[in-house]
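Enquirer: Just so you know, the protein sequences line up as chains S and L, in that order.
The first sequence begins at 0 in numbering that gives the first Met the number 0 and counts up one residue at a time.
The second sequence begins at 0 in numbering that gives the first Met the number 0 and counts up one residue at a time.
The set of hints was computed from the structure by calculation and includes no laboratory data.
Think of the CB as a built atom: it goes at the ideal place given N, C-alpha and C, for glycine as much as any other residue.
Fair warning: there could be bad hints in the mix.
Simulated pairs of lysine-lysine, DSS-like, Cα-Cα distance not exceeding 30 Å [unchecked claim]: (1) L:Lys287 x S:Lys133; (2) S:Lys133 x L:Lys98; (3) L:Lys292 x L:Lys244; (4) L:Lys98 x L:Lys298; (5) S:Lys133 x L:Lys273; (6) S:Lys164 x S:Lys290; (7) L:Lys268 x L:Lys287.
Covered, in the sense of this in silico footprint (three residues per stretch, anywhere, with C-beta under 8 Å from a C-beta of chain S), are these stretches of chain L [to be verified]: (8) 51 to 64; (9) 97 to 106; (10) 148 to 161; (11) 165 to 174; (12) 192 to 205; (13) 267 to 281.
Residue-level listing of the chains:
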Amino acid sequence: MDVILAAVGDAFTWQALLAIVIGTWAGIIIGGLPGLGSVVGLTIFLPFTFGMDVITSMALLIGVYCGSVYGGSITAILINTPGTPQSAATTFDGYPMTQQGRVDEALGWATFASFFGGVLSCVLLIFCAPQLAKFAVNFGSIEVFALVCLAMLCIVGISRGSLLKGLVCGMMGFFFSTVGSDPITGADRFTFGTYALSSGLDLIPVVVGAFALSEVFVRFSARDEEATTIPEARLRFPSLREIGRRLIELVRGSFIGSFVGALPGTGAAAAAFISYAAAQKLSPRRANLGKGEPDGIIASESSNNAVTGSAFIPTLALGIPGDVVTAMMMGAMVIHGITPGVRLMADQAQTVYALFVVLIIVNVAMLILSKPSIGLFRYLFKLPLGFVMGGIVMFSFIGAVSVRGNPLDLVVAALTGILAYVLRRGGYPLAPLIIGMVLGPALESSLRRGLLISRGDFLSFFTHSGIATTLFVLIGLFLVWTVAAGILDWRAKIADRRQPAESGARSATTQEGRP
Amino acid sequence: MKSLRYSLATLALIGTTHAAVAADNLEIIVPFAAGGATDIVARSFEPTFSQQLGVTSVVRNVAGASATVGTAEVANSEGNPNIIGYEPAGALSIQPSLKKLPYGPDSFTYICRTVSNPMFLMVSKSSDITSFKQLVEESQDQPFLYGSSGPGTLPHLAMAATVVNSDLKAEHVPYSGSGPAMNALAGNEIQIMADTETILENYDLRPLAVFADHRVEGYDDVPTVEELGLPALDFAVWQGVVAPKGISDERAQQYAEACKVTVESDKFKSFADKAKAGIAYLGPDDFKAFVQKRFETNKQVLEDAGLAP
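Chain S with its partners taken away, still in its complex shape (with noise of 0.2 Å):
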């Protein structure tokens, strides 16, 4: 108990809190401008923290990450363009919403989702960690190949219109995402002999393209005034009843986040990704989703605010880093003299609960400094169309290229977003292609381990644990259950068009169409 009140009087000096202010006020801003993200805004404050002491300089790069998950979601809502990939999920219901003008709604459930997901993966952390790293451990190449397969399937779900398409969209995907070294082998794949390929196609120079500057393009080509005007940036916190009639998706939500985190290599845009799918299955409301439906941003928003304080699970329990997030704040950490690992909880107890509190304050302070934020976006958006956009444009490039200092992310960034633009005009939705691409090294990666561990038994995958069984299981119920309400589907539609035409002729074109 004392190491606790040393813990909380650790957090509470004034430097602390100051940190924690201009980390997660900075955060917000950095992770709603489009290319700019996560990795991007801690690249930026880390070099500060050279000069602080441990808990002030964990503070703001908390801050910075956690106020950096919550921003993304913003732009996404507000102009169909995530801020950083973790949110790509929130532009499904998000952006729809703010089409019917309902944008206040929209924002005020992201806010409230992101602060319910990470305090309460602040809890699980606190009590459970030890409990999550040993279960996490479980998770060997093959659970991680298992539940990256039940992940992908999510892509039906988001394909409204024509599943062939989304399919397509996924596919490409993936093969982006194995262009670069082997995993496995180290051998460069599809470089064509350029030099400047064999470091792989990186996410975010991708999604920029995808997202954000194909919303620039599309806005620029259409002639309509009204369609390309940002309605005002608002936000209305969700009323008590109406939290306690999503109570379940917020619960939902968090515990899938909380859970992705903690296994190592996943991260918060797979968590996003799984959590939707899981409402498009278990949601009460699931018919509406992607039409604008609340559940959608809480599915997406609660998990991915979950996975920041999950991710430290084993960050802190084993010294694993679960991302590239937490790996930054691995170093920051051996920086001041604590490396991560087995032991760190018996020897530097005060330190590792004063990170807890540190957490707890930062998901608080960014329900409170939402509102300036969205009301800065407000301001920023109020100007003319072309600074915005060209705004846009500039933020994306250099969000791009600052992920790893590669020229080549600029080609990438602007050749991926002419792709998305024709995508987009030929009714191809672009989730899919982020979805492959996210998901796509995990698979790949995932399955060859695997392989190499069964010594080339696929087969084995299927009884080599209970956690591997039990999740492809759920991958067949899924297959089942989604064919058969095709089926099902199919079958209503036909009947409805044959409807007004006379009853025999009706039986007579069965009986013909039978071989």
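Assemble chain L onto chain S, guided by the hints.
Expert: Frame of chain S, contents of chain L only:
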């Protein structure tokens, strides 16, 4: 309103001109993403180093393709006296033998080696294997799996060399870094891993051998691979500073002196102590010879293990 917009635009322009003027400053390329293990050492190295040279330095992270993209950028800046690279072992001594790169070991002016940590052969503490001999025996029925932080990395090479030179039967499973590999080791997906003291200290691991020519202080009961009847395999994770070719001898001398002072400074020492990086300074000539030797050795290992193209 309008004036505010214009002044903002002007400010932005001033910003870009400033960046253009600042091109005279020293650029330190780190071929990994910010916050990585190499990056934090480079960033702790930079302040004293810049102070010694009397310049302002900018650490630039150019990541990708096993650190070769950033390294290539240094090699391609031939004759530029304002760029150096803070390089990991793999990019200088392994990657050039693995694939076609726009540089080789002869493409640089070598400045200094800064740190070096010997690698250990390790198994999980939860396994009942306590010696290398036992490991070899138990691998005869069913080959073990060893992890690495990626194909063609030092952990991979060290184990590949061990398998080639002993009766140990083991196959390679690459991960996307030491962290995920440690997770796999904890879940018994893989059984063996070669890595440095940092990894050994932070996880529940048992060292069976050390890839060095003498026993390591603090691990006096861990035998060297040579003592176990294998050829003397020497694998260490090291880092160093290189500059492009074609810079003046005078400039190279300045770099070398600044590096020596930095590595011996109390500030860097106390950092290295915290980050468990073993300071191992080598001057320009020694470092060049060292890289050349490591390059040859690693090439041989890659050929023996059938990994070289």
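Enquirer: Now tell me if each hint is right for this structure.
Expert: Checked hints:
1. L:Lys287 x S:Lys133: 45 Å, violated
2. S:Lys133 x L:Lys98: 39 Å, violated
3. L:Lys292 x L:Lys244: Between Lys292 of chain L and Lys244 of chain L the Cα gap is close to 19 Å, so the pair holds against 30 Å.
4. L:Lys98 x L:Lys298: 11 Å, holds
5. S:Lys133 x L:Lys273: This hinted pair holds, its Cα atoms lying about 27 Å apart.
6. S:Lys164 x S:Lys290: Holds, at about 19 Å.
7. L:Lys268 x L:Lys287: 23 Å, holds
8. 51 to 64: Satisfied; 7 residues make the cut.
9. 97 to 106: The restraint on the segment 97 to 106 of chain L holds, since 5 of its residues have a Cβ under 8 Å from chain S and three suffice.
10. 148 to 161: holds (count 3)
11. 165 to 174: holds (count 5)
12. 192 to 205: holds (count 5)
13. 267 to 281: This one holds; 4 residues, not fewer than the three required, reach chain S with a Cβ under 8 Å.
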